[in-house]
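Student: Assemble the complex: chain X is given as a structure, and chain H must be docked to it using the hints.
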Amino acid sequence: MSKSISLKEAYPPGDLAIWVIIYVEFITFALLFLGYAFSRRLDVELFNASQLAVNQTSGFVNTIILITSSYFVVKAVHSIKNMTADTLQESNKEASKWLLFAILCGLAFVTIKIIEFSHIFGMGINLSTNRFFMFYIMLTVFHFLHVILGSGILFLIYKKTKINGYLPNDSKGIETGASYWHMVDLLWIVLFPLVYIIR
Amino acid sequence: MKYTSQAVAKPYFIFALILLAGEILFGLLMAIQYLYGDFLFPLIPFNVLRMVHTNLLIVLILFGFMGATYYLIPEEAERELWSPKLAIVTFWVFAAAGVATILGYLFVPYAELTELTFNNLLPTMGREFLEQPLPTKVGIVLVVVSYIFNTAMTVLLGRRTVITTVLITGLLGLAVFFLFAFYVPDNLIMDKFFWWFTVHLWVEATWELIMGAILAFVLIKVTGVDREHIDKWLYLIIAMTMVSGILGTGHHFFYMGAPEYWLWIGSISSAVEPLPFLLMVLFAFTMARERKIKHDNEMALTWAKGTAVMAFLGAGVWGFFHTLAPVNMFTHGTQLTAAHGHLSFYGAYIMIIFTVISYAMPILRGRPHGNCAKAQKVELSAFWMLNIGMLGLTLALSAAGIVQILDQRVGTDLIGFMESQESIAGIYMVRAGFGVLVFSGLLTYFYSFFVKEENA
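Listed in order, the protein sequences are those of chains X and H. In this note's numbering, each number is its position in the first sequence, counted from 1, plus 11. In this note's numbering, each number is its position in the second sequence, counted from 1, plus 285.
Heads up, some of the hints might be wrong.
Here are the computed lysine to aspartate or glutamate pairs in the EDC-like style, where the Cα-Cα straight-line distance is at most 20 Å [unchecked claim]: (1) H:K577 x H:D511; (2) X:K171 x X:D26; (3) H:K517 x X:E186; (4) H:K287 x H:E365; (5) H:K506 x H:E400; (6) H:K506 x H:E363; (7) X:K183 x H:E363; (8) H:K506 x H:E360; (9) H:K659 x H:E738; (10) H:K662 x H:E545; (11) X:K183 x X:D54; (12) H:K517 x X:D26; (13) H:K517 x X:D97; (14) H:K659 x H:E575; (15) X:K183 x H:D516; (16) H:K506 x H:D516; (17) H:K295 x H:E360; (18) H:K517 x X:E36.
Residues of chain X clear of chain H, computed beta-carbon distances all greater than 12 Å [claimed, not checked]: (19) A28; (20) I32; (21) T39; (22) V72; (23) V85; (24) S107; (25) L115; (26) T122; (27) I131; (28) M134; (29) K171; (30) E186; (31) M194.
Please keep in mind that the hints were generated in silico from the structure rather than gathered at the bench. Predicted model, so just to flag it, every value in this text is computed and none were measured. The C-beta atom is built at its ideal place from N, Cα and C for all residues, glycine as well.
Looking at chain H on its own, in the form it has when it is part of the complex:
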């Protein structure tokens, strides 16, 4: 650890991983509910589980991004963090608000929660992924603003690099686009537009900048490749991501009451969206091949390469499957969407958090050369369990989606929703199985932190 203030990243990383465990656990509970509809009824109904599952994901990624930022910014800016104290205070505020919100979801009926949290003053609740009560939303804004301020001050007073520029641009985008969560037009179509301005422009534009910056940072550290070389790749990927990603918002405007031209703009620009992800794969593997040093922490590079591949598969390939309007007409809102959602979030955002944690955590724990060989071996098994689990789960969901489409949308001999779900039960069982593998993979990953040196 070059700068002592980098240590503030540690609680962020730990909390992100704890939330990830919760995330997967709630996912598993839902996988069971798909098979046994009355499981946990009336204690926790499906809609509440789903809300907890998706909200945990967003919050854990934010924690991961914050941890990554606080770790890499001092090294990039070549100075201590502007205010480590502020970073610690925001950690506790955000953690407390996050836990309170999740508990609110679990133990208070949602309608009652809206009344308790002043939703009548400024109605913002009830929208998918943005269900957070008003105080939580305001809290997120305050935490994010203080986080950006802390980061920007550090960079302004220190060295500016391409990585910090891209990162801060991404963070500003993250903050700005969240503001649309506060605007809920009465017109349902307008409402959807503004909702996507937050949801899509987060995951398919600004977050990708943050991910690209973190990936570039780790690659510089573990491959020793010249910064100029990596910078050029980063610029190229980012430029392409932004253009295709922003216009690609159009693929959400299909058949929702928006004008027809969105079918064309959305289809064509999002057909290009996989390309920056393909470049990212080439980027990671080229850098690994041209590496000038052999870092002892081999797992960090493994995760980095894995991130590029899984993000390309999840966001690129699985996204492309149903991004063209004529295909999307049949696939929209089926389990195929869920398949894409799972693998893209995992491949792009969860994997990048694993990457940075695998690189930074050993250093934060006083092991500059990474964990011992035995621990890395355990971590490698975790890597494969998680990846195979997620791929299996995605394939199962894709199969479920295809059956659903054939059952309910193609031809004239169609069956009802529940009947169709019944016919998918076997596939849902397979999905749950792979979900268990993912959870075991995470537990194995946790265990790798506690594997001791053999001769110590």
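In isolation and in its complexed conformation, chain X is listed as follows:
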């Protein structure tokens, strides 16, 4: 019987509160993306020339890292959602393994980003250099802070799996954190082509 109940997916996944936060984040980033797009249209040459200073490779590597981390998070959520009373320990253990991979990806992203920032700031570039770099710094630093927060959230969930804290039919907590992490990932998937690639 419990099988048929779990078939009916709760929507949206996770706590409703996280969806309020996600939508507010989307609104905020959307305003920044729009600001970028309109400012770029006013001075395409400046944006194209400035874009050359930004390292596309590190951006690309970071994109792969974030997408992969989201895959790990999905695997972790699956482990918890498919848990039965018999597999409580195994499922928690498996989830913690996937979460650890995801957190390591988050840390790798942060490390690569710090190298990228030190290169950019090392050239004496700051928020006042020009309109492109203003948006580049605002968008990437703001997103960078989200990756740090997201990794922290994943770490809290990881700690809970370590003590077998998730029980069958109790995936709300991990889904809440996972939704946030996917948002961080999704924002980057828009941000990367917009700021690093499109010419």
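Tutor: Coordinates of chain H only, in the frame set by chain X:
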């Protein structure tokens, strides 16, 4: 009243209301000066009235917050206040210092006041809203520190709740950001930065935590909704308020000599600032709908819902009108700013004080079920008079602001300040009318305290 030490809140509430009466009275005098420039001249010039009006507001809100804290902390911490005596002593110290300062403003020329109060030792005077003489500023710090200490000790020795955590965080922020009032850089732009660090981070960050905590407390009490449920809303609102509010400081850095990127940071983050206020409306109304008890003090819930709505209108909607940099270029410093200032302070901070007083005062006066039906009816009329008065006043000021912008800032056919003010005189008359309604509303509110039970 569950704990006897909660009684210390009473003088704070009463004094806050007395100051509010003064606040509105001085506002009315200014509304008249807008129409008749030489009214009260040379007895009390406009700049002095304005200083008294704004300073009274800050002090009365502090008294209201303190009263609310002393009332709710024992119930939340489930123990008596750490030191009721300290709370009473700070009340008298703060009240005396407040009255002395206001009298100083009224009866001593400001320049002379700076000399009398050792401003030469550490120049801090002359900045809008922070005009207080040095001894008053030091006094505020001492009073606030003793208030936080008393509150923190009570919580540390008792039960810790989300409400107390949020409240104490707000209080600490209030104390820390006031310290910027003591630092006045020579560079005017730097000066503005530090000034906003106090003014903005008070009203659009830390005070909102205090307001959120008080609102959550009253809602728990009058709706009986589970604490866990309310806590989650509170966290959500607070998190959003802090992020948007702190970055939103940027909307004050437009066109004041700060770098261009502030136009973007300020515009975008403050465009998000209304959202936590919208959540607060949803919060209050959802809790009211899901309430598990029907508290006899219906006015407390009415005020709580009113607070959420008026704060959303005043701080959220009226703030958003002119928060985007390209709009703000035209609206800055006009009566539109005054419209926003009036409705946001009223909606967020005066209303929350009414809310907590309406809930707590009857209990403090030995009426655990609230005032009698007749008194609540009077209070409800006061509620509407105050709200309609404030909305009318805000709409009038907004209209005045729009005329001012068209007169002086849009196009090439512009007129001078005094000529523009002349053209707004009719609107100022309407504003003064609504001001009278607000004052009558307050008097009606006072009267509701003295309405007796019919069969008693």
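Student: Indicate, hint by hint, whether the structure satisfies it.
Tutor: Okay, the hints, checked on the actual structure:
1. Our distance criterion of 20 Å between C-alpha atoms is met by K577 (chain H) and D511 (chain H), whose separation comes to about 9 Å.
2. Taking the CA atoms of K171 (chain X) and D26 (chain X), the gap is about 17 Å. The hint holds against a cut of 20 Å.
3. Pair hint K517 (chain H) plus E186 (chain X) holds up; C-alpha atoms about 17 Å apart against a cutoff of 20 Å.
4. A distance of roughly 9 Å separates the Cα atoms of K287 (chain H) and E365 (chain H); the hinted pair therefore holds under the 20 Å criterion.
5. For the given pair, K506 (chain H) sits about 50 Å from E400 (chain H) by alpha-carbon distance, which is inconsistent with the 20 Å threshold.
6. Restraint check for K506 (chain H) and E363 (chain H): the C-alpha separation of about 14 Å stays at or below 20 Å, so the hint holds.
7. A C-alpha spacing of about 32 Å is found between K183 (chain X) and E363 (chain H), which places the hinted pair above 20 Å, so the restraint is violated.
8. Distance restraint check for K506 (chain H) and E360 (chain H): the Cα-Cα separation of roughly 10 Å lies within the 20 Å cut-off, and the hinted pair is therefore satisfied.
9. Distance check on the hinted pair: K659 (chain H) and E738 (chain H) sit about 7 Å apart at the alpha-carbon level, within 20 Å; holds.
10. As the CA atoms of K662 (chain H) and E545 (chain H) are separated by approximately 53 Å, the hinted pair breaks the 20 Å bound.
11. About 46 Å separates the Cα atoms of K183 (chain X) and D54 (chain X), which puts this hinted pair outside 20 Å; it is violated.
12. With a CA separation close to 10 Å, the supplied pair K517 (chain H) and D26 (chain X) stays within the 20 Å bound.
13. Between K517 (chain H) and D97 (chain X) the alpha-carbon distance is near 32 Å, which puts this suggested pair outside the 20 Å criterion.
14. Taken as a hint, the K659 (chain H) and E575 (chain H) pair is broken in the structure, with Cα atoms around 27 Å apart against an allowance of 20 Å.
15. Note on K183 (chain X) and D516 (chain H): the hinted pairing holds, with a Cα-Cα distance of about 18 Å set against a maximum of 20 Å.
16. With a C-alpha separation of about 13 Å, the suggested pair K506 (chain H) and D516 (chain H) falls inside the 20 Å cut-off, and the hint holds.
17. For the proposed pair K295 (chain H) and E360 (chain H), the alpha carbon gap of about 15 Å is at most 20 Å, so the pair holds.
18. At most 20 Å may separate the alpha-carbon atoms for a hinted pair to count; K517 (chain H) and E36 (chain X) meet this at roughly 18 Å.
19. A cut-off of 12 Å between C-beta atoms contradicts the statement that A28 (chain X) is not in contact with chain H; the least separation is 5 Å.
20. Against the 12 Å criterion, I32 (chain X) falls within the reach of chain H, whose nearest CB is about 7 Å from its own CB.
21. Remark: the non-interface label on T39 (chain X) conflicts with the geometry, its nearest Cβ contact in chain H lying 5 Å away (cut-off 12 Å).
22. Separation of V72 (chain X) from chain H is adequate, the least Cβ-Cβ distance of about 28 Å exceeding the 12 Å criterion.
23. Interface exclusion of V85 (chain X) from chain H stands, the closest Cβ pair being 25 Å apart, more than 12 Å.
24. The beta carbon of S107 (chain X) sits about 26 Å from the closest Cβ of chain H, which is more than 12 Å, so the claim that it is off the interface holds.
25. No beta-carbon of chain H comes within 12 Å of the beta-carbon of L115 (chain X); the shortest separation is about 27 Å.
26. With a closest Cβ-Cβ approach of about 25 Å to chain H, T122 (chain X) is found to remain outside the 12 Å limit, as its non-interface label requires.
27. No Cβ of chain H approaches the Cβ of I131 (chain X) within 12 Å, the least distance being about 15 Å, so the stated non-interface status holds.
28. No beta-carbon of chain H comes within 12 Å of the beta-carbon of M134 (chain X); the shortest separation is about 18 Å.
29. With a closest Cβ-Cβ approach of about 18 Å to chain H, K171 (chain X) is found to remain outside the 12 Å limit, as its non-interface label requires.
30. No Cβ of chain H approaches the Cβ of E186 (chain X) within 12 Å, the least distance being about 16 Å, so the stated non-interface status holds.
31. Listed as a non-interface residue, M194 (chain X) keeps its Cβ farther than 12 Å from every Cβ of chain H; the least gap is roughly 15 Å.
Going through the hint list in order, the structure does not satisfy hints 5, 7, 10, 11, 13, 14, 19, 20 and 21.
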